[in-house]
Amino acid sequence: MNKLFGIVEAFTRLLAWAARLVTVVLVASMIYEVVARYFFGAPTIWAFDISYMATGVLFVLGAAYTLKEDGHVRIDFLAQKMNPTFRRWYEGLLFIFVIAPIFALLSKFAVEKTWRAFLTSEVEMVSPWAPLMWPFYAALALGLIALTMQQIVHGLRLLMGENEKSFELEA
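Heads up: the sequence shown at position 86 corresponds to 121 in the numbering used here, and the numbers run straight through without jumps.
Mixed in with the good hints there might be a few duds.
Claimed, not checked - DEER-style ranges, computed between Cβ atoms:
#, residue 1, residue 2, range
1, G41, L128, 19 to 25 Å
2, D111, P78, 23 to 29 Å
3, P170, R72, 39 to 45 Å
What the hints assert, rightly or not - Computed list of lysine to aspartate or glutamate pairs in DMTMM-like fashion (alpha-carbon distance at most 25 Å, straight line):
#, residue 1, residue 2
4, K103, D84
5, K103, E44
6, K38, D105
7, K148, E159
8, K116, E197
9, K38, E197
10, K103, E197
11, K116, D105
12, K143, E157
13, K143, E44
14, K38, D84
15, K116, E104
16, K148, E104
Quick caveat, the hints were computed from the structure, so don't treat them as lab data.
Keep in mind the model is a prediction, meaning the values are calculated, not measured.
All residues carry an ideal CB built from backbone N, CA and C; glycine is no exception.
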């Protein structure tokens, strides 16, 4: 089981690295747009599309890593009152049987949308640049799949008693 966990977490780290690269692309494209627009009077037709696509992609690609590092914001006023063993079981079962299935369904829809966009050569209709949409959708689907797998790993680790750092509460 630990080998499977390691594979999922390596994939999660790879996507986090990709999210960092997308952040560089986002910043570089915005700097280029500002310079082109204000210094040369030649705005790009692609900057808006790159900005919303890159922002969406970096958010979704980084979500699984954020879960792995226990970085998601949580409201835990009820959790503070729970017995740690009960809380571990409760959260583990919640991740495996509620949260992960919801995200698995979202992942399925994202993969289907990506495939349809690929087959039909869908483009962004409201953009003068009209980029193909399937690469954007594929990145979102990949991030959702990684998040789903990381949720299952997180839930199993909780049930096995391995994920104690998620129970450290900040005051």
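Against the structure, the hints:
Checking the proposed 19 to 25 Å range against G41 and L128 shows it holds: the Cβ atoms sit about 23 Å from each other. Here the CB-CB span from D111 to P78 is close to 46 Å, at odds with the stated 23 to 29 Å. The given range of 39 to 45 Å is broken by P170 and R72, whose C-beta atoms sit roughly 25 Å from each other. At roughly 30 Å between alpha-carbon atoms, K103 and D84 are farther apart than 25 Å, so this suggested pair is violated.
Using a Cα cut-off of 25 Å, the hinted pair K103 and E44 holds, with the two alpha carbons roughly 7 Å apart. Restraint check: the Cα-Cα separation between K38 and D105 comes to about 20 Å, which is no more than 25 Å; the hinted pair holds. Between K148 and E159, the direct Cα distance comes to roughly 14 Å. Compliance with the 25 Å bound is thereby established for this hinted pair. Under the criterion of a C-alpha separation no larger than 25 Å, the hint pairing K116 with E197 is consistent with the structure, at around 21 Å.
For the suggested pair K38 and E197, the alpha carbons sit about 14 Å apart, so the restraint of at most 25 Å is met. Simply put, K103 and E197 have alpha-carbon atoms about 12 Å apart, close enough for the 25 Å limit, and the pair holds. The hinted pair formed by K116 and D105 meets the criterion: a straight-line CA distance of about 20 Å does not exceed 25 Å. For the proposed pair K143 and E157, the alpha carbon gap of about 19 Å is at most 25 Å, so the pair holds.
About 21 Å separates the Cα atoms of K143 and E44, which keeps this hinted pair within 25 Å; it holds. Restraint check: the Cα-Cα separation between K38 and D84 comes to about 39 Å, which exceeds 25 Å; the hinted pair is violated. Note on K116 and E104: the hinted pairing holds, with a Cα-Cα distance of about 23 Å set against a maximum of 25 Å. A distance of roughly 29 Å separates the Cα atoms of K148 and E104; the hinted pair therefore is violated under the 25 Å criterion.
Violation of the numbered hints given earlier is confined to hints 2, 3, 4, 14, 16; the remaining hints are satisfied by the structure.
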